[in-house]
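K.L.:
Starting from the structure of chain H, add chains B and S where the hints point.
Here's the letter readout for the chains.
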Amino acid sequence: MSSLAVLLIAIPLIAAFVSILSKKVAPYLLLIASLINVILLFYFVPDGIVVIGGYDLPYGINLFVDTFSRTGLGVVNVLFLVIVLLNIVEFKKYSSVLLVALAGLNGLLLTGDLFNLFVFLEISGIAAYLITTSNHKPLATFRYLIIGAVGSSLYLFGLIIFYGMFGTLNLMDMVSFIQANNVDPSALVLPAMLMFIGLGVEAKLLPFNSWVKGVLKDSNTLSGPMIAAVYAATISFVFGRIINNLLTLAFVGNLLIVVLVLLAVGIFIAEAMAFASTKVREILLYSSIAQASIVILLFVNGIVLWAVYLIIANALSKTVMFLVINKATKDHGDDESDSLQGVFSKNILVGITFSVATLSVMGLPLFMGFVVKLNYLTELAVGAQWALLAVILISSIIEGIYFVRMLIKLWYPEKNEVTVKFDLGFKVVFVAIALILLALGTYTAPLNTLDNSIDTIAEVIDNG
Amino acid sequence: MANIELLLLFLLASGIVSYFLTKWKSFVGSVFTIFSTMFVFASLAMYGFSGQLDTTVNVIPVLSFAQTNIGFYFAIIIVFVYLMVSFFHPYFVGEYKYKNSYNVMFLLSLAGVIGTFFADNFIQLFFAFEFIVWTSMLLIPMGKSKKAAVSYYGFSAAGSFAMLFGILVMRSVSGSFDIDLGLASLAGGQATLVFVMFLVAAFSKLGAFPFHIWLPEAHGNAPHPFSPVLSGALVKLGAFVAVFAILRIMPSTPLIDFANSNLPHIPLGQYAVVILGSLSIVFGTLMAIKEDDAKKLLAYSSMSHGGYILVAFGIMTSQAVAGGFYHILAHALASAGAFMAIAAVAKQTGTTKMSELGGMIHKMPITYIVYLVAIISMAGIPPMGGFISKWLIFQAVIDKGMIFVAIAVFFGSIGSFLYVFRPLAALFLGQELREYKVKVKEAPFLMLLPMLIITALNVYTGVIPSAILNFTNGMLVDLGLAPVSITMWDIVGTTGTLNPALIALVFGFGVVIAFIIFIVLKKSKKVTLMETYTAGNFVHDEQLLHYTKDFYAPLERLYIKYTTIMKEFYETLAVKVKEIGRFGKYLFMNKFIGTTILWIIAILLFLLVGEVL
Amino acid sequence: MSITILNFLIGLGIAFFGFVLQTSIAGLNRKIVGRLQKRVGPRWYQEFLDIFKLLSKRATSHGWIFDFGVIMALGGIIATAMFMPLTSTFNAFGTYDNFFIFVYLLAVGMLGMAMSASGSGNPWASIGVMRALTTMLAYEVPFMIIILTIIKIAGSSLTGIQLYQQAAGNNWFLIALPLGGIVGFISLMGMLGKKPFETYIAPAEIASGPMVEYGGKQLGMLFIMHEITVFIEVSLFVHLFLGGATNIFIFILKYFLVYTLANLISNVNGRFKIDQVVTFFYKWPLILAIVQAFIAIYLGWVI
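Residue numbers (this note's numbering), protein chains in the order written: chain H, 1 to 464; chain B, 1 to 613; chain S, 1 to 303.
Simulated from the structure, these hints should not be mistaken for lab results.
Do not take every clue at face value.
[Said to hold, decoys possible] Only some residues are given here: those of chain H computed to face chain B with a beta carbon under 8 Å:
hint, residue
1, L4
2, L190
3, A384
[What the hints assert, rightly or not] Keeping only pairs whose Cα atoms sit at most 20 Å apart, straight-line, the calculated EDC-like set for lysine to aspartate or glutamate is:
hint, chain 1, residue 1, chain 2, residue 2
4, B, K585, H, D331
5, B, K578, H, E414
6, S, K57, B, E531
7, B, K578, H, D338
8, B, K144, B, E356
9, B, K561, B, D550
10, H, K415, B, E95
11, B, K146, H, E414
12, B, K97, H, E417
13, H, K427, H, D331
14, B, K146, H, E336
15, H, K346, B, E95
16, B, K290, B, E568
17, B, K353, B, E556
18, B, K99, H, E414
19, B, K144, H, E414
20, B, K561, S, D275
21, H, K279, H, D331
22, S, K273, S, E205
23, B, K146, H, D331
24, B, K147, H, D338
25, B, K146, H, D338
Just so it is clear, CB atoms sit at the ideal spot from N, CA and C, and this is done for glycine as well.
Bound-form chain H, shown alone:
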């Protein structure tokens, strides 16, 4: 039964193939496949290493299920299902693409093999490019495609160098080899950096992320939350795992400083860019760039648990925010924050959930964001990273200011009435997510049950 994890990839992939045959059944297949995935994940898939193809490790392809990947899978699959449910009627023809995307994302989260990871990166990437075609901005999609390809090739390039050095593609194998032979970190600089940049492109780290703006600023209710929440969460999880196990071996001394400075500057500039924006979706996308940088920063500092929670909190909040704004933009035709003024005055409930999501991102108390922020800041302080702490706090002030400005505009009408109608489905999702954010912000016991060792690769290596 332990090999059930394979099904998380296989079912959507098979469904994708089947769905090509019939356009009619495709949406149903999508729903069923994603539902089955969620059920499988929560009830049947056990922890452990799944070896595929009968080869022993490290030669065979393997899937790695532990609390870390399970958390990632949980967030991604559930949010995926939710977003699909909300959009299935409108975006029927994207069913096959979405199935491929699901397979790719699950593969990314599960695989323990670095080359496989590249394959899944490409699969999910292709799906992502196709999803963004729903924006009807072909040029932006094209740019996304090119830059994404550059990113994955850089990753591949780095991987090839690693392979040349250590002769293995298996993550665990490679890590244990490096540790066992005390490889000089300076030898790892180039491949590690190539990998970092390659994944950084996908994780939208500044300055490798020029695709984000084009993709997200014209997003819709499908592509917006899909890219900003689901994809972002997946990439963050994968990136986190690789940083935490492999790249940290290279990130010492000056290189660590360079990486940290890169990330810190990224956080500040991203917040400043959001501050300089007036379109709501632009504000949101720059804010998520900043949050992604913070996540990676935490991983680099070894604060795994709170990085994971930050990913979750952001994924939840951004889902709500992008759904609300994209729906409003669709109905109203413009996402300039001045022209959307007072959009919530008729949609109190949606407004409250949106505000909750925003306040959570800002890290204000009573919501999940506060708990997460306080904890990761504490961890940074324990690690005596005062400069990073200062950068994050100063950026948070800027973040708070533009979010408050935005919230007030959205709540208080100026001249023209904005009428946006939200379906019941949307409202249910918003309320559910807002309640989760509220619950985890006030009752923190579930968050504290885990610790930094949720990523068990190091343990597995230690135990052979």
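P.N.:
Leaving out everything else, chains B and S in the frame of chain H:
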């Protein structure tokens, strides 16, 4: 026994109830809010003064509370202001855009207040602090301006994040978030760092120079019943943090000392606080003098009074600190009273601009008396509370022989006569303008009641301060200072003795004498306000006989061109951040794929070159 | 010390004495100034006649605040005067004659008058009040710096300050703090509203400012108030800088000299504009006051 935890839960629950009640009928919901607030105040007042509040935690296991004298003193003042203001809700809340959330946020921020002052660890303190920030921030845009909330949030956030930084530094030293442990564990450079960080929090919350920009914005534009809360109550959070910073951390910086041995023995850090406090006093006074909006004027006066509190704490002698604590109470009462009076006027007339008002006294005499007593206290004139605290602070300043600080405190004190008189003359007195002759009437009883209670307390604090000073003496002892020596009637300062009750009595005696003189003389003939000396001109319009615009014009002219410097500084700062953002977009977010590639190559090259060298 | 009704009666007596003293001396001064200007001048009791005439006339009133302000003004000033020690041994309330009472209780009276004047609805009155308050802002700060120096040296009880100056080996503060004495006297001119700081009365300019609407008993009461105010201010100068007095005659003598000097200076001066008053006080008097305070407090050079 009143349990703090239950009070918090009670407030959360009544917040929810008031949401639905207000949705149904705003009057009912608001009355419910009054009773909720009253319940909390009554519970605190009944058990708190004897230190019998129940701080055990039964329901929410992560919390823990402690009752300290200082925390309770702040809490009871602030909750009292909340209670008084809640009486205004039935008449105001109905007009607001989101009236149901108004009552909710009001009650929630009150919960935050209680959480702050009874917290026994910094995490809870910070939690409650931030909680107050966002709940109150959401209330502000229901008033006049939407921008006000943004600057309120910006400065509050800057303050609370600075405090968080300090807390985390402290945590890294002491290993726990416990307040007493943390403050006690600091030493050397870390103490200085935490001191500075906490001061940033204190200054930005108090709205003291150089973080004062938000005060007039937020206080002036907040909904009328919320301005008294902001100014009388929430600003005092800054004073609470200042107590931590100035009186409990005390970094070991060099003493400011002179050849003369009995002169300022004040550590450099505290001396800097005193100087900045002095600057707050002067700038707040000057800005208040030139302000046309009555609420903004009072907001600037809050800034100047925040300066007094900082000066008092910074001097660090028993008398000064007692004066500071007393000033917190006196200013809370005075400022709440004044703001509430202005709110009552605004309710009738729809404006707070002094140049648009006049002669309100004829229709609203009781409101006028409330305002009069409040400003007498604010200006530090006997027999009101403000005199006692200012007297104590003056004693301390003189005792330390701080000449330049003395210039500031005396300037602020005399200057306050100028600015508090401005609304008195322009808004309440003077010609009764035509548009207000008919429709304006005295505020309803429910609004007058809290105003009269505050007025009575303003007088009480100025006449019989011994009970309160006894309490603040307890706080002084907690801080390791000697108590101020008081008897039933006397306050003994280093340079003299004050008997406030005697002053009040003599004043009353004098007024009686004057009244007798007045009454035995021939009765006067009543004439209208328009029958005045006009140097032979025929003036037909009240407006023309009403001197109200640019009241202190000759004085303002002397400094008007310097008044926008700080505002411009912050505006420029915002513009600079925006420019960085635009520049970032230009650099990283442009249409050309090549740029991204260029960055990637540049970074790789940089690393490789670094590696080769 | 215990306060009995007797203390109040003594206080009232002092206030009344002050009124009589100042009104007589003001009358004398009118004569002196008259001689100075080659006139005969009125009789010395002319001021009394003016006041009693006003009190007996029927006047107009602009509403309750107009009357209430007058009562508050006179009441506040009487109360302030009640605390004033006449000599170093004679006062009404013992050591409660704290200096700050005089500055701030005086302000209640001023506030009452300002309130009443503004309540009259005449713009001249409001302008006058504005100027009065601005003038106050100007002269108080240098004055208070000097007071700070004195209190730092001798405590804040007026009796105590007198006794300090009378004690063997100590000089009058006018001599001990010469710069302070100069500043004190200039500030006294401002307080008394004597030229060149007469801006807030300026009869030819703003029709007597605050007083413009008054007549009859209200004006009479304000005259009484004015006389007592002058009594308080001049007495303060006598006690603070001239060593106070050991008996009532010395007090009257010193009082007469100070007031007359101020009056004489006033009569050879023009009038400042209001912003000139401010810039004047914040230039030399303030600098002198700071220098004096620095010398006395930080260097300890008190003659």
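K.L.:
Hint by hint, say whether it matches the structure.
P.N.:
Taking the hints in turn, this is what the structure says about them:
{"no.": "1", "hint": "L4", "verdict": "violated, 37 Å"}
{"no.": "2", "hint": "L190", "verdict": "holds, 7 Å"}
{"no.": "3", "hint": "A384", "verdict": "holds, 7 Å"}
{"no.": "4", "hint": "B:K585 - H:D331", "verdict": "violated, 28 Å"}
{"no.": "5", "hint": "B:K578 - H:E414", "verdict": "violated, 24 Å"}
{"no.": "6", "hint": "S:K57 - B:E531", "verdict": "holds, 19 Å"}
{"no.": "7", "hint": "B:K578 - H:D338", "verdict": "holds, 17 Å"}
{"no.": "8", "hint": "B:K144 - B:E356", "verdict": "holds, 16 Å"}
{"no.": "9", "hint": "B:K561 - B:D550", "verdict": "holds, 15 Å"}
{"no.": "10", "hint": "H:K415 - B:E95", "verdict": "holds, 18 Å"}
{"no.": "11", "hint": "B:K146 - H:E414", "verdict": "holds, 11 Å"}
{"no.": "12", "hint": "B:K97 - H:E417", "verdict": "holds, 14 Å"}
{"no.": "13", "hint": "H:K427 - H:D331", "verdict": "holds, 16 Å"}
{"no.": "14", "hint": "B:K146 - H:E336", "verdict": "holds, 17 Å"}
{"no.": "15", "hint": "H:K346 - B:E95", "verdict": "holds, 17 Å"}
{"no.": "16", "hint": "B:K290 - B:E568", "verdict": "holds, 17 Å"}
{"no.": "17", "hint": "B:K353 - B:E556", "verdict": "holds, 18 Å"}
{"no.": "18", "hint": "B:K99 - H:E414", "verdict": "holds, 18 Å"}
{"no.": "19", "hint": "B:K144 - H:E414", "verdict": "holds, 13 Å"}
{"no.": "20", "hint": "B:K561 - S:D275", "verdict": "holds, 15 Å"}
{"no.": "21", "hint": "H:K279 - H:D331", "verdict": "holds, 16 Å"}
{"no.": "22", "hint": "S:K273 - S:E205", "verdict": "holds, 11 Å"}
{"no.": "23", "hint": "B:K146 - H:D331", "verdict": "violated, 25 Å"}
{"no.": "24", "hint": "B:K147 - H:D338", "verdict": "holds, 13 Å"}
{"no.": "25", "hint": "B:K146 - H:D338", "verdict": "holds, 13 Å"}
Hint compliance for this structure: hints 1, 4, 5 and 23 are broken, all remaining hints hold.
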